[in-house]
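Produce the complete structure using the sequences and hints provided.
Below, each chain spelled out in residue letters.
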Amino acid sequence: MESVQQVVDKYGGLEAGLISMLQDIQRDKGYLPEDDLSMIASRVRVPLSRLYSLATFYKAFSLVPRGRHCVNVCLGTACHVRGGARLLDKLERDLDIKPGETTGDRRFTLEAVRCVGCCGLAPVVVIDDNFHGKLNQKSLEKVLKSYE
Amino acid sequence: MDLKTYRTHVLVCAGTACVSNESLVIKEAFEQELRKHGLEKEVQIIGTGCNGFCERGPVAVVQPDDVFYQRLSKEDIPFLVEEHFLKGRPVEKLMYFPEADERPIPKMMDIDFFRHQRLVVLRNRGRMDPEKIDEYIGFDGYTALAKALTSMTPEQIIEEIKTAGLRGRGGAGFPTATKWELCRKSTGNIKYLICNADEGDPGAYMDRSILEADPHAILEGMTIGAKAVGAHHGFIYVRDEYPLAVNRIKKAIEQALAYGLLGKNILDTGFDFEVDVVRGGGAFVCGEETALMASIEGKVGRPKSRPPFPVEKGLWGKPTNINNVETWANVPIIIRRGGVWYSTLGTKESKGTKVFSLVGKINNSGLVEVPMGITLREIIYDIGGGIPGGKKFKAVQSGGPSGGCIPENLLDLPVDYEELTRVGAIMGSGGLIVMDEDNCMVDVALYFVAFLSEESCGKCTPCRVGLQRMHEMLTAITEGRGEEGDIERLENLSATIQDGSLCGLGQTAPNPVLTTLKYFKEEYIAHIRDKRCPAGVCKALIQFSIDEEKCTGCGVCIRACPVDAISGEKKQLHRIDENLCTKCGSCHEVCKFEAIVIE
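The listed protein sequences derive, respectively, from chains F and Z. If you use our numbering, the first sequence corresponds to residues 1 to 148, in order. If you use our numbering, the second sequence corresponds to residues 1 to 599, in order.
Do not take every clue at face value.
To be verified - Ranges between beta-carbon positions, derived for each pair:
hint, chain 1, residue 1, chain 2, residue 2, range
1, Z, 110, F, 128, 48 to 56 Å
2, F, 33, Z, 274, 28 to 36 Å
3, F, 104, Z, 182, 40 to 48 Å
4, F, 134, Z, 103, 20 to 28 Å
5, F, 33, Z, 492, 44 to 52 Å
6, Z, 543, F, 68, 37 to 45 Å
7, F, 128, Z, 522, 39 to 47 Å
8, Z, 260, F, 145, 50 to 58 Å
What the hints assert, rightly or not - Simulated crosslink set (DSS-like; lysine-lysine; CA at most 25 Å straight-line):
hint, chain 1, residue 1, chain 2, residue 2
9, F, 29, Z, 299
10, Z, 539, F, 98
11, Z, 250, F, 10
12, Z, 583, F, 98
13, F, 59, Z, 299
14, Z, 539, F, 134
15, F, 138, Z, 592
As the list claims (entries may be wrong) - If we take Cβ atoms under 10 Å as the criterion, some of the chain Z residues that face chain F in the derived model are:
hint, residue
16, 56
17, 97
18, 209
19, 241
20, 282
21, 296
22, 300
23, 301
24, 359
25, 400
26, 443
27, 589
For the record, the hints were derived by calculation from the structure and aren't laboratory data. Predicted model, so just to flag it, every value in this text is computed and none were measured. Ideal Cβ positions, reconstructed from N, Cα and C, are used throughout, including at glycine.
Below you can see the structure in the form of structure tokens.
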């Protein structure tokens with residue numbers, strides 16, 4: 001894992017690289033720790049509030065730690081008309097969390113996302129980087145079991 | 001060229017949809033089986049970009065025979081290799097069977113889905129490995145760049161694009177040559193070029209597929225555009241949700257740099273052009289050009305008022321020319337084959353072809369490229385094969401959240417920028433989502449308004465607050481709390497949001513509501529007056545029950561019900577307790593006898 005300093009340097013310490021820096025940290029750590037944000041702010045010489053506004057504006061970022069697996073239910077239009085919302089309902093029910101939340105055992109974080117561009121396979125759930133298509137409530141249950 | 005040294009090639013689709021169906025495992029299985037039979041020097045396996053027929057994935061095409069295999073699994077491969085490549089007997093059971101037909105259609109180009117398409121932008125899809133620049137060059141790649149850099153002036157390039165009649169494929173349809181000309185004439189030493197690959201419309205994935213299938217075409221188009229407008233630095237702003245596309249375009253940039261087709265002194269002509277990839281942060285509004293540029297600058301993506309337009313003051317205040325992925329991918333072939341040739345395709349005002357992602361309630365979902373002017377009916381029925389399960393067509397949604405729902409009586413409408421705008425929808429980036437009788441149009445309107453109110457950047461009050469109010473009103477209607485006058489209030493609010501918003505997101509946000517009101521008003525009235533959802537979607541207005549005639553008492557629904565609302569002995573009629581039922585639809589999904597009734 002790269003240190004925050006390395007990430008800042010990779011983008012030349014420039015303001016234009018702020019989003020890329022946050023993306024790299026989000027990818028490595030699963031969220032944006034406050035200490036890391038403070039460090040970026042001082043290195044790039046922008047106020048911390050600027051990073052907070054980026055982190056809360058863009059969907060890719062989270063300020064709280066995530067679970068081991070991120071379950072993204074696609075709610076793009078194609079998935080919506082083929083029953084994506086039912087899959088989300090089921091996950092909310094089974095995992096007992098709302099989108100954006102993480103289960104108590106940190107196993108799953110649930111997210112509702114907009115189109116992942118796999119509309120031919122609708123409805124789709126993306127877990128970590130794996131696409132699972134043409135799901136129904138029953139087959140989704142099986143898929144979930146394969147993630148520990 | 002690799003393609004010439006083998007007798008046969010197997011083109012395995014390695015687009016995102018097929019990869020998620022294990023096409024890479026299948027590719028490996030092919031290689032392993034071929035080695036087993038000592039055929040690895042005769043038959044070559046190539047992983048290609050998206051073939052387009054995602055519905056039938058994973059797919060593979062054998063060339064030069066043009067045999068199309070579909071829904072493959074790795075268990076099929078040993079048999080397939082032995083039969084087809086060793087014994088020369090193509091395997092029928094893995095071919096495409098049209099619905100209700102007992103005979104397969106062996107050749108790809110005989111299948112309706114492919115037969116009616118016209119490939120211009122997607123010309124290289126499914127026929128080459130997008131990660132190999134040599135294969136792109138083998139299919140005339142970079143010849144247009146050579147022509148543009150060595151024998152054309154910037155004015156001549158712009159003139160060629162003007163003759164072609166190319167219009168922006170991102171949605172609005174602004175003439176590309178006009179934009180380039182304005183940017184060329186803007187004063188300033190530094191100019192920028194941007195490829196907008198922030199494909200945000202839900203239900204649209206053509207830009208992703210072009211990036212994955214033919215990344216060099218985009219680089220070639222951008223470099224030609226750079227010479228035309230006088231830019232030396234370009235950016236490709238691509239969604240971070242598209243990891244494969246990001247990797248492919250990065251790889252393509254490295255290869256083009258190594259071949260001297262990008263970077264300093266391209267093809268020894270003294271022209272410099274470099275390209276950087278910027279990953280988006282997951283905000284729909286960043287597809288809007290001024291928001292996108294703010295995002296490249298490392299800021300929050302909020303649109304600015306125009307003018308000044310980006311061609312005058314864009315990225316870091318410099319003149320900037322921004323076009324969408326599909327627009328860039330059109331450029332090389334126009335330069336290579338000429339604007340006159342290109343202008344023979346399409347209608348009077350809309351030239352060329354358009355790539356659509358045909359999805360939703362449709363038999364053949366996938367990516368299709370068709371000449372402008374083709375009718376929606378041809379796309380949905382001839383190419384798409386109609387609606388599955390004998391259901392009735394209800395509407396097709398075009399243009400994403402800025403677009404509208406087009407009803408059946410307008411299906412003979414030709415696909416053309418002006419025609420689609422006239423009926424209240426827009427061409428948009430090219431998502432066509434087909435809906436059948438089981439889709440509720442009020443629910444669809446609510447879906448888009450919910451999407452947009454979430455994605456509104458919050459700058460303009462009519463968009464930020466107006467969409468929230470609209471969301472509340474539509475929610476009330478779908479929950480049976482609608483009141484007389486709601487329809488008029490929705491129409492009024494729509495006009496305010498359209499008039500009072502700075503950018504395209506707000507200005508077009510009411511379109512899904514207005515088109516559903518225009519073409520499906522009776523559904524709104526059913527919800528408001530009769531407290532009824534005719535399509536059986538809106539939970540508060542429906543009830544689940546069991547059809548006594550059809551129930552066999554198999555018990556499947558009892559096991560599927562998450563709240564134990566269904567009871568009944570084996571082989572006896574089952575019943576749903578309405579007080580316990582949460583209307584999740586689990587029972588409806590699992591019942592094989594269509595005994596679950598939704599009213």
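Structure-inconsistent hints, enumerated in ascending order: 1, 3 and 17
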